[in-house]
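There are 2 protein chains.
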Amino acid sequence: MKFCSACGHPVVQKIPQGDSRLRYVCESCETIHYQNPHIICGCLPTWQDKVLLCKRGIEPRYGLWTLPAGFMENLETTQEGAARETWEEAHAKVKIGELYCVFNIPQISQVYMMYRGEIIDGQFGVGEESIEAGLFDEESIPWDDLAFASIKRTLRYFFADRKLGHFPVRVEDLVHGSRD
Amino acid sequence: MKFCSACGHPVVQKIPQGDSRLRYVCESCETIHYQNPHIICGCLPTWQDKVLLCKRGIEPRYGLWTLPAGFMENLETTQEGAARETWEEAHAKVKIGELYCVFNIPQISQVYMMYRGEIIDGQFGVGEESIEAGLFDEESIPWDDLAFASIKRTLRYFFADRKLGHFPVRVEDLVHGSRD
Ligand SMILES: [Zn+2]
Ligand SMILES: [Zn+2]
Chain A
1 MKFCSACGHP VVQKIPQGDS RLRYVCESCE TIHYQNPHII CGCLPTWQDK VLLCKRGIEP
61 RYGLWTLPAG FMENLETTQE GAARETWEEA HAKVKIGELY CVFNIPQISQ VYMMYRGEII
121 DGQFGVGEES IEAGLFDEES IPWDDLAFAS IKRTLRYFFA DRKLGHFPVR VEDLVHGSRD
Chain B
1 MKFCSACGHP VVQKIPQGDS RLRYVCESCE TIHYQNPHII CGCLPTWQDK VLLCKRGIEP
61 RYGLWTLPAG FMENLETTQE GAARETWEEA HAKVKIGELY CVFNIPQISQ VYMMYRGEII
121 DGQFGVGEES IEAGLFDEES IPWDDLAFAS IKRTLRYFFA DRKLGHFPVR VEDLVHGSRD
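Chains as they are written, first to last, in the UniProt record's numbering: chain A, 1 to 180; chain B, 1 to 180.
All the pointers check out, no bait thrown in.
Since copy identity is lost for identical chains, a pair holds within one copy or between any two.
Using 30 angstroms as the maximum straight-line C-alpha spacing, the simulated BS3-like pairs for lysine-lysine come out as follows:
1) K93 <-> K163
2) K14 <-> K93
3) K14 <-> K2
Hints were generated in silico from the structure; no laboratory data involved.
Start from the sequences, fold in the hints, and give me the full structure.
Pasting the structure below:
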């Protein structure tokens, strides 16, 4: 950030009065420009005993497999974000169920919120940012070609928890850059 | 947003190619300025059978009671945010426990993430943005003077769940402006 989005003047970095952190501050209009973490909403879409994955058609991690997930938008709920991403990336309509995994990735100021979801009618397709989509059972999941640690963890928990018949909410920290 | 924070040129609102939403876009340096929801991290700090509340010394809802909660900062986890807010608002050190309540407030693009926490040594004080703090049992909670619906819901669930001895994660949508 170099300029004030409110008035166009150059911003400076300083600790505002009563604050303890460096912020971008406009000394012309006195706006403090806070920067905060982003939420990634995602879904683990299931149909019968299988999970829907899509192969990424964009960077980063082009060509690797993922669960539908992306930046939450203003004016939506986390569940709506998860359903929207499932539609955009895999052209599947889902009935969003319970919150399942929450991952902090503090190094890049992101928080993942992954919901379980049931695919309605078993229909899916290939979204604009994907190059392939498919339903996988536990054995056929491309475990070595998953795009992000958040995705691998969610899938591992899912297949383990499904054997036990319940799905406690998982809250963990992840290291940015790892795929495990 | 009126000006590009990267180059200082005026921004326009338009739907970028491949997108479906209006964004602030700089036609000079081509930066798309996304705007996304904010996370509010909070804590339900307990000491023995009591809950720590603080009375707000700032607007909105000056003079009403709240659990420690505030905007998550970059480079922290949701748990670290909850602990930091508890320190800032009530000068209590807490051992953060499990995630307890997640509230969507889509109208203002906020997501609350409330953790349970145990106060270490039972010590607390009055933070800079508070004018009072205290430990309350269920009967003495100022139920009619709570600042936000998120706080009232969290407290109601807590006392009900405590009687049953387990604390499932609660995920709900709230209406902005309501205190219930
Ligand atoms: Zn300014
Ligand atoms: Zn620009």
